[in-house]
Every structure is written in C-alpha cells, then in structure tokens.
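2 protein chains.
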Amino acid sequence: MVKIAFIGLGVMGYPQAGHLAAKGHELRVFNRTKKKAEAWVKQHGGSAHDTPRDAAQGAEIVFTMVGDDNDIRSVVYGDEGVLGALDKRAILVDHTTASADIARELDLATREKGALFMDAPVSGGQAGAENGILTIMCGGNEETFARAEPIMQAYGRTITHMGPVGAGQLTKMVNQICIAGVVQGLAEAVNFALAARLDTDRVLATISKGAAQSWQMENRWKTMVEGKFDFGFAVDWMRKDLRIAIEEARHNGAPLPIIAAVDQLYRMVQQQGGSRYDTSSLIVNLRKP
Amino acid sequence: MVKIAFIGLGVMGYPQAGHLAAKGHELRVFNRTKKKAEAWVKQHGGSAHDTPRDAAQGAEIVFTMVGDDNDIRSVVYGDEGVLGALDKRAILVDHTTASADIARELDLATREKGALFMDAPVSGGQAGAENGILTIMCGGNEETFARAEPIMQAYGRTITHMGPVGAGQLTKMVNQICIAGVVQGLAEAVNFALAARLDTDRVLATISKGAAQSWQMENRWKTMVEGKFDFGFAVDWMRKDLRIAIEEARHNGAPLPIIAAVDQLYRMVQQQGGSRYDTSSLIVNLRKP
Chain A
1 MVKIAFIGLG VMGYPQAGHL AAKGHELRVF NRTKKKAEAW VKQHGGSAHD TPRDAAQGAE
61 IVFTMVGDDN DIRSVVYGDE GVLGALDKRA ILVDHTTASA DIARELDLAT REKGALFMDA
121 PVSGGQAGAE NGILTIMCGG NEETFARAEP IMQAYGRTIT HMGPVGAGQL TKMVNQICIA
181 GVVQGLAEAV NFALAARLDT DRVLATISKG AAQSWQMENR WKTMVEGKFD FGFAVDWMRK
241 DLRIAIEEAR HNGAPLPIIA AVDQLYRMVQ QQGGSRYDTS SLIVNLRKP
Chain B
1 MVKIAFIGLG VMGYPQAGHL AAKGHELRVF NRTKKKAEAW VKQHGGSAHD TPRDAAQGAE
61 IVFTMVGDDN DIRSVVYGDE GVLGALDKRA ILVDHTTASA DIARELDLAT REKGALFMDA
121 PVSGGQAGAE NGILTIMCGG NEETFARAEP IMQAYGRTIT HMGPVGAGQL TKMVNQICIA
181 GVVQGLAEAV NFALAARLDT DRVLATISKG AAQSWQMENR WKTMVEGKFD FGFAVDWMRK
241 DLRIAIEEAR HNGAPLPIIA AVDQLYRMVQ QQGGSRYDTS SLIVNLRKP
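Going line by line, the protein sequences match chains A and B. The opening residue of the first sequence carries number 1 in my numbering; numbering runs sequentially from there. The opening residue of the second sequence carries number 1 in my numbering; numbering runs sequentially from there.
Since the hints were made in silico from the structure, they are not lab data. Treat the numbers as computed from the prediction; the structure is a model and nothing was measured. From the three backbone atoms N, C-alpha and C, an ideal C-beta is built for every residue, glycine too. A couple of the hints might just be wrong.
What the hints assert, rightly or not - Within a straight-line C-alpha distance of at most 25 Å, the following computed PhoX-like cross-link-like pairs (lysine-lysine) qualify:
#	chain 1	residue 1	chain 2	residue 2
1	A	LYS35	A	LYS23
2	A	LYS240	A	LYS209
3	A	LYS209	B	LYS222
4	A	LYS23	A	LYS36
5	B	LYS42	A	LYS209
6	B	LYS23	B	LYS42
7	A	LYS42	A	LYS23
8	A	LYS23	A	LYS34
9	B	LYS42	A	LYS240
10	B	LYS36	B	LYS3
11	A	LYS23	A	LYS3
12	B	LYS36	B	LYS88
13	A	LYS222	B	LYS209
14	B	LYS35	A	LYS209
15	A	LYS88	A	LYS113
Unchecked claim - What follows is a list of derived Cβ distance ranges for each label pair:
#	chain 1	residue 1	chain 2	residue 2	range
16	B	GLU38	A	ILE246	20 to 26 Å
17	A	ARG157	B	PRO289	21 to 27 Å
18	A	ALA261	B	LYS222	23 to 29 Å
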C-alpha cells in the first residue's frame with residue numbers, strides 16, 4: 001500500500017491510475033477538467049484534488065501523464081505545482097512523451113527538493129494502458145528505477161531501465177522514428193498495390209512472411225486498404241513526438257532526412273482534416289480523390 | 001522426372017537448379033560464363049549448353065534467373081534464344097525480378113509459340129535459394145501455375161498465385177517498396193540512438209516488442225550498429241528493383257514520394273563505394289566520418 005498521486009487522467013492516465021487503485025494503493029488524483037477526476041474517484045475510490053500540489057501532498061510517488069513539455073511545466077512548477085508539495089525522498093515519474101531536456105530540467109528541480117525523478121514514456125497506446133500491458137522506457141538512477149518499477153507493473157509489461165535521466169525519452173524518440181519510416185513505406189506500398197489492381201489480401205499474406213514484414217504491416221495493412229484510421233493514437237500526437245525527435249537531433253547532430261519529410265507528410269494529413277486520424281493515415285496523401 | 005532447362009546460374013540460379021537436380025529431374029543448363037555451367041554440371045549432373053536455345057531444346061519447362069529486363073531479352077529472343085526452341089505446351093517461368101511490361105511481352109511471345117509463360121520473382125535472397133525456402137510470387141493463368149508449382153517446391157516454401165501475368169512482378173515491387181521505407185527509418189533510428197549515446201542492445205530489446213517492430217529491425221539492427229553490410233542482396237540490385245517500381249508507378253499513377261527519395265539515398269551509398277553493400281547500408285549516409 002503506497003500513497004500515490006496521479007496527475008493527468010486522459011485516455012492513458014485514466015486507466016493507468018485505475019490499475020494502481022486496483023492494486024490497493026491509495027490514490028490522490030488531479031485532472032485539469034475536474035469532472036473527469038471526480039468520475040474517476042467515483043469509479044475507483046481515492047480522492048480528487050483541486051491542484052497538482054494538493055494531490056502530491058504526502059505522496060511517496062507522483063506520476064504525471066499529460067500532453068507535452070508545457071503541460072508538464074504547468075503541473076510541476078508554480079504555486080499550485082507538484083514541486084511545492086514534494087516530500088524528501090519522494091519520486092516524480094513522468095509518463096508524458098516529452099523532450100529529454102525537460103527530463104533533465106525536472107531532475108535538477110526535484111533534486112533541489114531532495115526528491116528523485118524518472119522519465120518514463122510509454123508505448124502501447126490506449127489499448128496497452130487499458131489492458132495494463134504498456135512498454136515503459138525509463139531514464140533515472142538505479143534507486144529510483146528499483147523503487148518505481150514494482151509499482152508500475154500494475155500497468156506495464158515490459159519495463160526497462162534505459163539509462164540516466166532522459167534515456168527513456170530518447171528511446172521513445174527512436175521508437176517513433178522507426179514507426180514513421182515503416183508507416184510511410186507501407187502507405188506507398190498499399191496505395192501502389194491498389195493502383196496495380198493486386199489482390200491486397202493475397203499480397204499481405206505473401207510479403208508478410210519475409211524481409212518486408214513489420215508490426216504495422218500485420219496490424220494496419222487491411223485498415224489502410226479500407227481507409228479506416230480510428231486506432232486512437234492521433235496524427236497530432238505523432239507530430240508532437242516527431243517534433244521532439246527532430247529538436248533533439250539538432251543537439252546530437254543525427255540527420256533525419258526522411259523522418260523530417262514524413263513529419264511534413266503528417267502535416268498534409270492534418271491539412272486534409274486528419275488531425276485525429278491514427279498514424280496509419282499517411283495513405284490519405286497518396287489516394288486519388 | 002521432368003526435362004528442365006535452367007538459364008542463369010548466378011548466386012540464386014545456381015542453388016535453385018541444384019535443388020531441381022536433387023529431385024531427380026533432368027537438367028539442361030546455360031550460363032553466360034560457361035565455366036560456371038560446367039562446374040554446376042560437375043557437381044549436379046545434367047548437361048551444359050552453349051546457347052539458351054540449345055538448353056531449352058525439348059524441355060517441358062524452362063526457368064530463367066538473370067539480371068534484368070535486358071538480360072531476359074538476350075536469353076529469350078534472337079537466333080540463340082529460348083523462344084527458338086520452345087515446344088508447344090512448354091512453360092517459360094521467369095524468376096528474374098523485372099518489369100511487369102517485360103512479363104506481358106514475354107507472355108505474348110510465348111503464346112505465339114503455343115507455349116505458356118509465368119513471371120515468378122522470388123524473395124528470400126541467397127540464403128533462401130540455398131536452403132530451398134524462397135517465397136515465389138507468381139503471375140500467370142491457373143494451368144501454368146498448377147503445372148509449375150509442384151516443380152518449384154524444390155526451392156520454394158511460400159509459392160503464391162498472385163493473379164494474371166505481371167502480378168508476380170507487381171507483388172515483388174510492393175515488397176521492395178515496404179523494405180525501402182522500413183530500412184531508411186531504421187537507419188535514421190539506429191544512427192540517432194548512437195548519437196544519443198543510448199545502449200543500442202537495450203533499445204532493440206525494448207522497441208522490438210511493439211509497434212516499431214519489423215523483420216529488418218530484428219535481423220539488421222545489430223549489424224547496422226556494427227557497420228557490417230555483407231548480407232548479400234546488394235545496393236545495385238535494390239536500385240534496379242526500385243527503378244522498376246518507380247517506372248511502373250509512372251503507368252499506374254501511384255505516388256512514391258519517399259521511396260523515390262530512398263532510391264536517391266541508395267545512390268549516395270553507391271557514390272560512397274557501397275554498390276556491393278547489402279540493403280541495410282543506408283546508414284552510411286548518416287554517420288559522421
């Protein structure tokens with residue numbers, strides 16, 4: 001039984017906090033829209049609070065799962081922020097996919113309080129959060145990881161200590177870079193197969209056996225053929241993740257010639273009204289109207 | 001026991017013809033460099049011939065496995081070409097990765113002879129040919145496929161009838177388009193991971209569990225980190241395959257914005273002396289010298 005604060009009850013945080021409550025932990029939650037926090041408490045118990053600072057009061061571990069760097073700043077800093085209430089030896093774990101810079105910044109700020117920080121972005125999407133099978137990429141020191149890991153098992157299946165603070169975010173960037181390349185190639189391939197009047201089911205069955213295989217091919221080929229893009233993780237969020245990777249690459253010097261272009265192709269999906277489509281929607285740029 | 005002609009004993013054709021001989025078929029072989037054909041006969045029996053036409057004499061089925069459209073023309077047409085000897089009801093199966101246009105052209109030419117044609121490009125590479133586990137993508141009519149398929153089982157594991165003549169080549173193009181997208185994304189990801197000083201083994205173990213997974217990630221990540229590009233299927237051949245796909249897209253209208261760019265990135269690998277590197281070598285464009 002650990003006293004836990006959970007900040008951010010969106011499509012990911014809501015079920016994550018639910019899994020923690022189901023383990024018997026004492027949950028103190030905050031959400032920008034308080035109604036949602038109240039609905040969560042009604043469902044799972046615990047207590048809803050008016051500010052992140054109130055929620056963090058007395059917590060041994062504080063989880064944040066919000067939108068981006070600015071959202072994190074808004075729940076951590078200031079009079080109402082988590083830092084104002086963070087106990088010595090408490091842990092702040094940020095599940096937001098954010099920059100490595102904000103991770104390092106939060107690490108400094110928590111250490112000034114005598115507390116510990118870990119960046120821990122996840123993959124697996126809404127379904128992964130709901131089923132408690134997220135992949136969690138952690139950056140922090142050994143002690144922080146050792147204390148947080150058993151608690152995160154409530155919603156994580158693969159929980160890996162990637163290295164020092166920031167290494168979780170950097171790993172997530174590598175993950176998103178891979179996805180962007182796979183999906184664009186797949187979009188061009190599916191569209192080409194349709195233009196060539198091939199039997200797309202038969203093509204999938206054949207090429208998914210070999211060197212062209214990918215998770216995206218196995219899970220998104222058919223829905224791309226059908227033009228269904230409702231798997232949840234939206235183009236808007238993917239563009240945020242790619243922006244973070246492209247910014248980081250300005251620091252570490254790694255060229256991203258094609259991934260930067262795919263980011264622009266996602267922009268074109270947004271312009272066509274696809275901001276809420278899932279990431280497989282790159283094919284909409286290619287289809288004949 | 002079928003009388004078979006096999007034209008082209010390169011890294012693919014040599015072991016393919018060997019698997020046919022091992023099944024007890026009577027093999028008549030031709031290779032541009034005759035020494036190689038003689039070496040093959042010494043190893044596998046059968047007979048080596050001076051021209052494709054001589055090899056095709058009396059064969060029930062003629063396999064060609066050469067370099068590109070022009071190579072096929074040179075072994076099929078003219079005084080010394082296969083067509084000059086092709087029996088009525090004989091089958092010409094072309095395993096070369098070539099254009100859909102040449103497939104349709106050869107179909108017409110063989111039909112004028114009362115013979116049958118099937119395009120049947122393969123994937124699986126040299127190892128797939130040697131181990132007899134190739135994926136074979138077939139384009140032709142039902143009868144041709146039904147007669148050729150049992151014979152190709154000597155070296156094929158997944159043998160699929162994709163549709164009419166040309167459909168085999170079109171499917172192979174879809175396969176290569178997917179690979180080009182996956183590999184470039186992976187190259188940018190591996191290079192980014194190195195620039196970010198991440199533990200690349202740990203990154204691989206973590207991200208290969210989810211939506212970023214691909215065959216290329218599982219089989220080429222580590223060798224890309226090590227800068228080893230000796231898996232056989234060369235950049236020169238990949239560029240030939242991409243050229244065919246890009247040409248076909250001029251006909252069917254499918255845009256290939258990123259794949260056309262990746263083709264140019266392979267050109268840059270060639271310029272750096274990587275013509276014989278395998279297809280995972282796109283990372284050489286990204287590394288610091």
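* To do: Would you mind confirming whether the straight-line C-alpha gap from A:LYS35 to A:LYS23 stays at or under 25 Å?
  => Answer holds: A:LYS35 to A:LYS23 is near 24 Å, not above 25 Å.
* **Status of the given 20 to 26 Å range, CB of A:ILE246 versus CB of B:GLU38** => Since B:GLU38 and A:ILE246 have Cβ atoms about 57 Å apart, the given range 20 to 26 Å is violated.
* Asked: Regarding the pair A:LYS240 and A:LYS209, is the alpha-carbon distance no greater than 25 Å?
  -> violated (33 Å)
* Asked: Under the criterion that the straight-line Cα-Cα distance not exceed 25 Å, is the pair B:LYS23, B:LYS42 satisfied?
  -> holds (17 Å)
* Asked: Does the alpha-carbon distance linking B:LYS36 and B:LYS3 stay inside the 25 Å limit?
  -> Holds. B:LYS36 to B:LYS3 sits at ~21 Å (cutoff 25 Å).
* Asked: B:LYS35 and A:LYS209: Cα distance at most 25 Å?
  -> violated (36 Å)
* Quick one, are B:LYS42 and A:LYS240 close enough, alpha carbons at most 25 Å? -> violated (63 Å)
* Asked: Between B:LYS36 and B:LYS88, does the CA-CA distance stay at or below 25 Å?
  -> Violated, at about 30 Å.
* Does A:LYS113 lie within 25 Å of A:LYS88 when you go C-alpha to C-alpha? -> holds (6 Å)
* To do: Note whether the CB distance of A:ARG157 and B:PRO289 lies within 21 to 27 Å or breaks it.
  => violated (41 Å)
* Is the hinted pair A:LYS42 and A:LYS23 satisfied, with a Cα-Cα distance of at most 25 Å? -> Holds, at roughly 17 Å.
* Asked: Holds or violated: are the alpha carbons of B:LYS42 and A:LYS209 at most 25 Å from each other?
  -> violated (35 Å)
Comparing the model with each numbered hint stated earlier shows that hints 2, 5, 9, 12, 14, 16 and 17 do not hold.
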